[in-house]
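Model the full assembly from the supplied sequences, consistent with the hints where possible.
Heads up, the sequence shown is in the UniProt record's numbering, so the first residue is 1 and it goes up one at a time.
Treat the hints as calculated values from the structure; they're not laboratory data.
With a cut-off of at most 25 Å between alpha-carbon atoms, the simulated DMTMM-like pairs for lysine to aspartate or glutamate come out as follows:
id : residue 1 : residue 2
1  : 298       : 241
2  : 356       : 342
3  : 49        : 98
4  : 356       : 145
5  : 298       : 309
6  : 356       : 346
7  : 298       : 394
8  : 162       : 145
9  : 74        : 346
10 : 398       : 305
11 : 74        : 87
12 : 298       : 346
13 : 298       : 59
14 : 399       : 427
15 : 356       : 87
16 : 298       : 362
Each pair of labels, with its calculated beta carbon distance range:
id : residue 1 : residue 2 : range
17 : 59        : 122       : 25 to 35 Å
18 : 364       : 233       : 26 to 36 Å
19 : 395       : 422       : 27 to 37 Å
For each residue, glycine too, the CB sits at the ideal point set by N, CA and C.
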Amino acid sequence: MMISTSTCCSCSLGYLIILLLFLLVATASFYRSLSRRSIGNNLSTTFSKAFVGVNIGTDVSDMPSPAQVVALLKAQQIRHVRLFDADQAMLLALAHTEIRVTVSVPNDQLLGIGQSNSTAANWVSRNILSHVPATNITAIAIGSEVLTTLPNAAPLLVSAMKFIHSALVAANLDTKIKVSTPHSSFIILDSFPPSQAFFNRSLDPVMVPLLKFLQDTGSYFMLNVYPYYDYMKSNGVIALDYALFRPLPPNKEAVDSNTLLHYTNVFDAVVDAAYFSMSYLNFTNIPVVVTESGWPSKGDSTEPDASLDNANTYNSNLIRHVLNNTGTPKHPGIAVSTYIYELYNEDLRPGSISEKNWGLFDSNGVPVYIMHLTGSGTVLANDTTNQTYCVAKENADKKMVQAALDWACGPGKVDCTPLLQENPCNDPNTVFAHASYAFDAYYHKMGMADGTCNFNGVAKVTTTDPSHGSCIYPGSGGRNGTFTNSSSVAPSSDSASGCHSRYSHDIRTLLSSLIVGLLTLSTAASL
1 MMISTSTCCS CSLGYLIILL LFLLVATASF YRSLSRRSIG NNLSTTFSKA FVGVNIGTDV
61 SDMPSPAQVV ALLKAQQIRH VRLFDADQAM LLALAHTEIR VTVSVPNDQL LGIGQSNSTA
121 ANWVSRNILS HVPATNITAI AIGSEVLTTL PNAAPLLVSA MKFIHSALVA ANLDTKIKVS
181 TPHSSFIILD SFPPSQAFFN RSLDPVMVPL LKFLQDTGSY FMLNVYPYYD YMKSNGVIAL
241 DYALFRPLPP NKEAVDSNTL LHYTNVFDAV VDAAYFSMSY LNFTNIPVVV TESGWPSKGD
301 STEPDASLDN ANTYNSNLIR HVLNNTGTPK HPGIAVSTYI YELYNEDLRP GSISEKNWGL
361 FDSNGVPVYI MHLTGSGTVL ANDTTNQTYC VAKENADKKM VQAALDWACG PGKVDCTPLL
421 QENPCNDPNT VFAHASYAFD AYYHKMGMAD GTCNFNGVAK VTTTDPSHGS CIYPGSGGRN
481 GTFTNSSSVA PSSDSASGCH SRYSHDIRTL LSSLIVGLLT LSTAASL
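Rendered as structure tokens:
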């Protein structure tokens, strides 16, 4: 099974070229950041640290009681929620929990509130004043995607926001409770490259006063970001890995030709498109909060990528990305707080199968999948990373899978004796089955660290235990053999299989030093 590694040392030259390009781009980005420094400072004063929340939909045939919902939120250490209405029982159940709540004015109430200041004041009195301060209401979302789903109400949207805000001012709550409205990302036209993005110009009569209201009241731009739909509508232009936050080799990253900013995922590109669209209208200090984002765990035959594994991958990576305060390429380090869509699967929702399967939990509070969230903090405590596995992708190229298997059982120093004839994992005697066992063994030997389940793009993380019969995979806690201590690094999509580990180590050390230096310069510039 061994493959030669002697020819791979030349890959170090490629790494050095990549590093030089990285240095040039990073230096350019550093100098560009000087001109954006004041904008970044304004944004950072609004949100110093990102949070992850969840949306709570109620189109569930066996909807848990408000007390059960709150019990689940507490158990999962979820501290931010968004309701699609202002349900009285739910708000009472959330009292004295310190959970931060965004309530909503449903679209069907928008017309009345937008036409009458007194109607808005009554709404605030009934749904806000009767619950605060016991219930920690921090925001009011006026409608949902009004400009794209209810265009006839668009002229009244800003009026409704102003009337609700005036009622909060009268109650001396305007500094504690912000008013905004969630937008579909499809109001942004020509969204890539982000620097060329702009809002649908026909919406300017609404968008300009809306943004001025957000700026004047210190509120934020609510945006719904769904890379799943962007991926589905792209006809193959957007790669699945790019939509799922999976690691990309430098040559697969999307580059904005105007700013030279590199984008490694759809999420960041859409958020930055919103920032650039606002700046096109001369609004540069309004932060973005993502009010909905997620991935469906099940779909019909036309939606093969609506799957448990993809939903798990997207939401796990999204949570890590947000809580690491990574920011976006345009505004690095600026928090992009995000609400996952959604807490429960909503089986009563109309439409396709995928529409009913965006939830993290079923109505009994059982996780739809176990997220792998190492290093993400304590939110969504169903994290049990020892229940994730690394297996070969079913549609991967067989020769590449064989090469990766050879690497794992060779330089990767995985004990592959269970795969030999008459041993527990020999059957089924196929390249993909054997590779899955070897990949999982390596993945767990390396502590399930990021990048250790890649193998040049032919492996994936799954929550489905691939063990069968007497063949127990390492991720199941059993052992069919023993591991040899090793510092070998698994081949990733941007490295050659079998390249000597000492070259990889040297390059990684140099890259780390370079990044630290650039971060030091960036920190100095912000002082």
